[in-house]
Amino acid sequence: MTTPDLVPGCFACNHQARSSLPPREDVTHTDHWRVAHAFNSTLPGWLVINPTRHLTSFTELAPAAADELGGLVHHLSAALEQVTGCTKTYLMQFSEADGFSHLHVHLVPRMPDHPADARGPKVFAYLNDDPAQWLPESRRDSIGLALREALSAP
903 MTTPDLVPGC FACNHQARSS LPPREDVTHT DHWRVAHAFN STLPGWLVIN PTRHLTSFTE
963 LAPAAADELG GLVHHLSAAL EQVTGCTKTY LMQFSEADGF SHLHVHLVPR MPDHPADARG
1023 PKVFAYLNDD PAQWLPESRR DSIGLALREA LSAP
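In terms of the numbering used here, the sequence shown opens at residue 903 and continues consecutively.
It is worth saying that the hints were derived from the structure and are not from the lab. Given the structure is predicted, the values throughout are model-derived calculations rather than measurements. Some clues are possibly wrong.
FRET-style restraints, in silico, Cβ to Cβ [said to hold, decoys possible]:
# : residue 1 : residue 2 : range
1 : D1031     : S997      : 14 to 22 Å
2 : S997      : Q1035     : 19 to 27 Å
3 : G972      : D1031     : 31 to 39 Å
We put the CB at the ideal spot given by N, CA and C, even for glycine.
With these hints in hand, go ahead and build the complete structure from the sequences.
This is how it looks when you write it as structure tokens:
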């Protein structure tokens, strides 16, 4: 699928362009946002919220997309509490790493037993460059499915 809203070679756009995605890459989606479990995380439930079109700044969001983001973060945070047992979520946006300039927002569960040396901005210690350390795809898929179920509950 090629659309003028997607940029070839962009990590997020390449995933958005696929006709079918596993639960870890499509936890939930709307017209404006797609939520994925972070691929390089060692922390279960680390989510990445991506706009469905290529943007590099919040100021480029359509008003409807901007309005939708707050509700999406609220519902995802509640689902993460239910599924992971976290006590709160961290919300962060940088979009600065090479190859990852596509606007994306990290929504990260902070667990009750979260070590002090990995709290706040130090939570990025849970992202790892070594694929052998990442949560397996099957685990990320099961988390994605559990979050879908929690999101659909009344």
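**Broken hints, by number** = No hint contradicted; all consistent.
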